[in-house]
Amino acid sequence: CEGGAKLAGDSIFKDDDSDVAVTEGIDVAALPCHPGHILVLDCEGGNNALSKSHSIVTVIGALFATALVFVTDGKASEAAVEALGRMLEERSLIKADGTGSLQAQSLFFVVNQNRLRYGDDALEKILAADHGEERRELRSLISSAYPQDRRQFCTIPPDNKGEFDDKWKNLHEAILAAAVPLKMGKLWMTGPQVVQMLKRVEEELRTRGKVSLPSLHRHVILDGWLKPKVGQVLQSRMDKLLENFAEEEFATHKVGSVEGKCQDCEATSTGWLDPDVEEFFCQDCWRKFSPKVLKCCFCGGFHPWMRGRVEKVTKMWHCIDCLMQLGIPADS
8 CEGGAKLAGD
18 SIFKDDDSDV
28 AVTEGIDVAA
38 LPCHPGHILV
48 LDCEGGNNAL
58 SKSHSIVTVI
68 GALFATALVF
78 VTDGKASEAA
88 VEALGRMLEE
98 RSLIKADGTG
108 SLQAQSLFFV
118 VNQNRLRYGD
128 DALEKILAAD
138 HGEERRELRS
148 LISSAYPQDR
158 RQFCTIPPDN
168 KGEFDDKWKN
178 LHEAILAAAV
188 PLKMGKLWMT
198 GPQVVQMLKR
208 VEEELRTRGK
218 VSLPSLHRHV
228 ILDGWLKPKV
238 GQVLQSRMDK
248 LLENFAEEEF
258 ATHKVGSVEG
268 KCQDCEATST
278 GWLDPDVEEF
288 FCQDCWRKFS
298 PKVLKCCFCG
308 GFHPWMRGRV
318 EKVTKMWHCI
328 DCLMQLGIPA
338 DS
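Here the sequence shown is numbered in this note's numbering, starting from 8 and rising by one per residue.
For the record, the hints were derived by calculation from the structure and aren't laboratory data. Mixed in with the good hints, there may be bad ones.
Said to hold, decoys possible - Straight line, CA to CA, 16 Å or less: simulated EDC-like cross-link-like pairs of lysine to aspartate or glutamate:
| # | residue 1 | residue 2 |
| --- | --- | --- |
| 1 | Lys-176 | Asp-166 |
| 2 | Lys-217 | Glu-97 |
| 3 | Lys-295 | Asp-281 |
| 4 | Lys-82 | Asp-128 |
| 5 | Lys-82 | Asp-127 |
| 6 | Lys-217 | Glu-96 |
| 7 | Lys-190 | Asp-338 |
| 8 | Lys-322 | Asp-281 |
| 9 | Lys-268 | Asp-291 |
| 10 | Lys-295 | Asp-271 |
| 11 | Lys-322 | Asp-283 |
| 12 | Lys-302 | Glu-285 |
| 13 | Lys-302 | Asp-283 |
| 14 | Lys-268 | Asp-281 |
| 15 | Lys-132 | Glu-85 |
| 16 | Lys-319 | Glu-285 |
| 17 | Lys-174 | Asp-127 |
| 18 | Lys-261 | Asp-338 |
| 19 | Lys-302 | Asp-281 |
| 20 | Lys-319 | Glu-266 |
| 21 | Lys-302 | Glu-286 |
| 22 | Lys-319 | Asp-281 |
| 23 | Lys-295 | Glu-273 |
What the hints assert, rightly or not - Estimated spans, in silico, between C-beta atoms of each pair:
| # | residue 1 | residue 2 | range |
| --- | --- | --- | --- |
| 24 | Lys-295 | Gly-263 | 21 to 27 Å |
| 25 | Lys-132 | Thr-277 | 44 to 50 Å |
| 26 | Thr-73 | Glu-131 | 20 to 26 Å |
| 27 | Glu-210 | Arg-294 | 37 to 43 Å |
| 28 | Asp-291 | Lys-190 | 24 to 30 Å |
All C-beta atoms in this analysis are idealised placements derived from N, C-alpha and C, irrespective of residue type, glycine included.
Work the whole structure out from these sequences, hints included.
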């Protein structure tokens, strides 16, 4: 789609004015975005009468995307609203079975090559319109999937219009802000875990025709993360190190900011201890020393900045996975 090509960069995704869809299934691009990457999934459209569409595209998008950019051409038509509603109905292939949950998505309803004047509240007016029972159900489905604080209406004029650059810049920045790290439950997923999840989704759709969220959660969290992590702890004998800690001592552990005197610039500021030398450095100096990754004091692995927090008792930086393993909420 033109929107995906523009978002990822004009040379990454194929863009053509042919009457036949240029995207079949999903094309994926990984774009560097400090301190990690953003995955852009350019999905086939569902409104081209000359091209076949696949419901699996919707299922994968529902499981993996943290932001959905729904693009319609020219105007916000009733057909576009119906297409969005049908896409949400296809998510019935995902079976929650009373447990598990989909990650909350943000919706960007984008009118590309816009030909009409719309106000900022256009999407709210569209969803509030009462045009009969069937249309009302579709609007209710969209409103339930994307609450008001997680949906935006955007218009992009033709690229020969003077306001094009500003409109595109605003949309681009909003999408980047909504592209938060992918989570399953409270686990921030790594690249290998996302790949593992994709393979599992493909296997379940191919063999069972649906995706079970509880099964997916068990496969990724228990088999792909918890069991290997426990094995790592037992192998390092860290379990023995923690045996003499009382329960109330664990309860005091929490994430937050820590202040101290930096050993490098000598400023008193927010920072944390170096796990190798146990000396305090401020956050600004850490960004100079290690701008992309930090070392977790528990597992010793190197992770992007966003995938960790400072623990106030140890005054050291821990990765999110280890904080979860230690029972320390990463959002406290």
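Status of each hint after checking the structure:
{"no.": "1", "hint": "Lys-176 - Asp-166", "verdict": "holds (12 Å)"}
{"no.": "2", "hint": "Lys-217 - Glu-97", "verdict": "holds (11 Å)"}
{"no.": "3", "hint": "Lys-295 - Asp-281", "verdict": "holds (14 Å)"}
{"no.": "4", "hint": "Lys-82 - Asp-128", "verdict": "holds (15 Å)"}
{"no.": "5", "hint": "Lys-82 - Asp-127", "verdict": "holds (14 Å)"}
{"no.": "6", "hint": "Lys-217 - Glu-96", "verdict": "holds (13 Å)"}
{"no.": "7", "hint": "Lys-190 - Asp-338", "verdict": "holds (13 Å)"}
{"no.": "8", "hint": "Lys-322 - Asp-281", "verdict": "holds (9 Å)"}
{"no.": "9", "hint": "Lys-268 - Asp-291", "verdict": "holds (12 Å)"}
{"no.": "10", "hint": "Lys-295 - Asp-271", "verdict": "holds (11 Å)"}
{"no.": "11", "hint": "Lys-322 - Asp-283", "verdict": "holds (13 Å)"}
{"no.": "12", "hint": "Lys-302 - Glu-285", "verdict": "holds (13 Å)"}
{"no.": "13", "hint": "Lys-302 - Asp-283", "verdict": "holds (9 Å)"}
{"no.": "14", "hint": "Lys-268 - Asp-281", "verdict": "holds (13 Å)"}
{"no.": "15", "hint": "Lys-132 - Glu-85", "verdict": "holds (13 Å)"}
{"no.": "16", "hint": "Lys-319 - Glu-285", "verdict": "holds (14 Å)"}
{"no.": "17", "hint": "Lys-174 - Asp-127", "verdict": "holds (13 Å)"}
{"no.": "18", "hint": "Lys-261 - Asp-338", "verdict": "holds (9 Å)"}
{"no.": "19", "hint": "Lys-302 - Asp-281", "verdict": "holds (9 Å)"}
{"no.": "20", "hint": "Lys-319 - Glu-266", "verdict": "holds (10 Å)"}
{"no.": "21", "hint": "Lys-302 - Glu-286", "verdict": "holds (14 Å)"}
{"no.": "22", "hint": "Lys-319 - Asp-281", "verdict": "holds (14 Å)"}
{"no.": "23", "hint": "Lys-295 - Glu-273", "verdict": "holds (15 Å)"}
{"no.": "24", "hint": "Lys-295 - Gly-263: 21 to 27 Å", "verdict": "holds (23 Å)"}
{"no.": "25", "hint": "Lys-132 - Thr-277: 44 to 50 Å", "verdict": "holds (45 Å)"}
{"no.": "26", "hint": "Thr-73 - Glu-131: 20 to 26 Å", "verdict": "holds (22 Å)"}
{"no.": "27", "hint": "Glu-210 - Arg-294: 37 to 43 Å", "verdict": "holds (42 Å)"}
{"no.": "28", "hint": "Asp-291 - Lys-190: 24 to 30 Å", "verdict": "holds (29 Å)"}
The earlier numbered hints are all upheld by this structure, with none contradicted.
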